[in-house]
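Asker: As they're listed, the protein sequences go chains A and B.
My numbering applies: residue 1 is where the first sequence begins, and numbers increase by one.
My numbering applies: residue 1001 is where the second sequence begins, and numbers increase by one.
FYI, nobody ran anything at the bench for these hints, they're computed from the structure.
Each hint should be verified, as a subset may be incorrect.
Unchecked claim - Here are the simulated lysine to any residue pairs, SDA-like style, with alpha carbons at most 25 Å apart:
id, chain 1, residue 1, chain 2, residue 2
1, B, LYS1018, B, ASP1174
2, A, LYS192, B, PRO1345
3, B, LYS1491, A, GLY116
4, A, LYS192, B, ASN1444
5, B, LYS1442, A, LYS71
6, A, LYS71, B, ARG1576
These figures come from a predicted structure and were not determined experimentally.
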Amino acid sequence: MLNITYFGHTSFALETKGTTILLNPGIWDGNPVVPDDFEARMVIATNHADDAIGNAATISVNSKAWFLGSKDAADKASEQGVKPWLLHVLETEVPYEVPDVTITPYSLSRIDEEAGGHIENLGLIIEMGGMRIGYLGDSSIRGLFEQLEMDILIVPIGGEATFEVKDAVSLCIDTKPRIGIPMRWTSEDQPKKFSKYIEQFGQGTKPVLMEPNQVLVVQWAAGNEFRYELN
Amino acid sequence: MSENTKKNVIIDLEESEKILLDGVSKLEKIDVSGKLSVINVSERSRIWNVKVHLGDTRDSTDITDELLSGGEIDVSGTWESAYGVETEAPIVTLTEVFDTCGDVETEEAHWAYVSSKDNPVKITITIKNETDGEIDSIILNKTIPPELSNIQIISSKSGTAEFDEGTKQIVWKDFVIYPQEETNIVIGATGQVHDAEVKNAGEIVLTYKGEDQQRSVLNPDLTALTEFLMGIETAETEPNQWECTLECSNESDMIVRLDKAEVYLAPEGGGEKQKMIDAAPSIELSPDQEWSASFDVSSKETPKCTQEILYTPVRIITKRVLGTIEKTSQVVPVYKIEYTKEFDPPSVNSFDKTPVEVTIEVTNAGTAKLNEVTIEDNLPDDVMPPTSEHITVWIRGEEFTGTYDFAIDPEDQDPEKAHKISFKIENLKDTIGELEPGETVKINYAVMAWRNRPEKEYPSPIKCTANIHPAGIPAEVASPEDGHKLGVIYKKRAISTKKAINKGAGAGEYIIVLVVSNKGEVTAENIEMTDWIPSGFEYITTDPEDDQPEVVGVSDGTNMIWKWARMNPGDKKKMRVTVQGEGEYERREPEVTSI
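Okay, chain A solo, but in the shape it has when bound (with noise of 0.2 Å):
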């Protein structure tokens, strides 16, 4: 059985058997999407602005939770006080193993909105509680994640930095997550459409449209029926 919790923005934990991991815990509009006092055993920054990376380096040290994420998101978490026995810097395609949970980066970018062109973000595989979980984090491109399998695709849609919420679906469609769970809109419609479009063309697909606050729980029931449910 699987948790996932979304907070807004970008930022979700995936909890089961005891072992969080909290993804991006930004900065957004000036506020921390994620208390300073969030106790996680693993924090991910897939990238270093501030949107992605926001408290992380704060969260990380108050839980002592390990933190992992691009090169120069660890940089900026050593920077802002992570110990570095804390520190992973996470590498292409090179999966990270920890019991319970298995995390695969991938190179991924989202473009810069202040200096212009790329920057480097990871997508992750995430494969905790018997299910693979894509994490798109900020990225503006798919790379490899069109070939990649997952049971639960969380995908941005919100436009400017990352995807829109055509190329949202447009992945949804080409990977055939059981679920796809869109993030960081920045308008009411977007969620609705995404849920609109991929209940439409999702060719199996079902949007899970969440909330902040809410928990998702997926779990395999009788070993192979896959089950969600909202809360």
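Assemble the complex: chain A is given as a structure, and chain B must be docked to it using the hints.
Answerer: Just chain B, lined up with the frame of chain A:
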């Protein structure tokens, strides 16, 4: 007509009913007035002390007195008195059915023109005689409105009917309608309107006469005096024996009825008079005809007699009803629709998959209420159609969750086929009410533009129809066959490949580095890259493992084939292939294809 009849005083009741019907032949107003005339038909005799006795028969009229005094009426003169009559219905009923679509049989007539099409108009006018007498002198004038052409009289049960081009009127006349019977005329025409303004169906004026009929129940009688000679002749037949004779003579040229003749004798010695003649002959005396009665009496002196005589010119009653029915022109609205269709976004990037919102709005642009609306939208190939559950409908700006038909043909989501979308909402009058002028039906659904090619056109023509209740010829509006093209923005494709051949660590080992990247502006799909391994070398492995190629032997070596479903702009793939063998490693450039 006999000579005597001519010489009767005539009481003539001429009652006129004027009826106004509304546009749908419903009685709106009825006014009945009458004129009672006493006509002295005599050529030489006046009548005077003329009194018309009405008694209780004036109940339905506004006449207050039982007795009307006509005074003196000269030779060939007339005395008249007007009155009003209370009544609720005319003696003739007129109905017009103006059916704007006579070709389609329905229980109720079609009541609106469809704009910009030929309307097969059928006008049926029925006249019914509601009385037990004949109706004659019928003339019906039907004004034909300017929208109608090809006027033809399809049938007329009675009389003659003609269309006068000059006055634009149908004139139907020369017939009678027998008691309780009806007749009709059927007119055919073609109606054409090119705007949405309300039209008029043309008024009808019907005039008729019901001879010997009346709307009141007046049954007048008449008393009057005229030239009438009367006297008593006393002649002694024997001494002191007298014969007294009352003599009356009609001196007029009219028939006069003698109603009462009494003669009284004054006794010689005085005392009460004795009635000697007491007659009520009710005899009608022709001009110059005489009447007498006599009695004998003994008297030494000449008897003194007095008389009381009542007579009156004989009257006959003539009566008729003259009627006029004016039917107001029926209002004929026009049904017409307009539409808009929008794609959001209006254009998609070539070779991409893009959800596109399709919004179609049909507006009632006419003056008639609409009962049904249909939309037929055509989606080109390279577009994935929606599913029927994901259409949103608004009526009058509010989301509609009632019943409608929505179909997709063929019933699949194959983007390689063209699809026809059919939407129909009907029977609005029994659900949320008909669509009033200016109101709209809007539908929205999403399609997925599917790898559209920039050199290809994607027209998405549409046809909308609407109808009234009962349904006639539908109002239509449609785009051209190549209308509403989904725009495709050409985005340059640029797949680049780079190759390096490096010596490996082992003997005869080479590391082939292949980099394929999408440097174009658009996502590339179905990318296939082939690189050749010369004969004498064999494929060992590829890093990363996820990018293992398909290895196929060819005549001069081995081909490695990689396939990727999609590469977004900026995407790059780098593979390190290990091969091993003997000899020189010949270089050939990798080949890459995509759509």
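Asker: Need the status of pair LYS1442 of chain B, LYS71 of chain A: alpha-carbon distance at most 25 Å?
Answerer: violated (52 Å)
Asker: Would you mind confirming whether the straight-line C-alpha gap from LYS192 of chain A to PRO1345 of chain B stays at or under 25 Å?
Answerer: Holds: LYS192 of chain A and PRO1345 of chain B sit about 17 Å apart, inside 25 Å.
Asker: Straight-line Cα separation of LYS1018 of chain B and ASP1174 of chain B no greater than 25 Å?
Answerer: OK: LYS1018 of chain B and ASP1174 of chain B at ~21 Å, within 25 Å.
Asker: Between LYS71 of chain A and ARG1576 of chain B, does the CA-CA distance stay at or below 25 Å?
Answerer: Holds: LYS71 of chain A and ARG1576 of chain B sit about 23 Å apart, inside 25 Å.
Asker: Mind checking the alpha carbons of LYS1491 of chain B and GLY116 of chain A for me, to see if they're no more than 25 Å apart?
Answerer: holds (21 Å)
Asker: Going straight from one Cα to the other, do LYS192 of chain A and ASN1444 of chain B come out at no more than 25 Å?
Answerer: Holds: LYS192 of chain A and ASN1444 of chain B sit about 14 Å apart, inside 25 Å.
When each numbered hint is compared with the structure, a violation occurs for hint 5 only.
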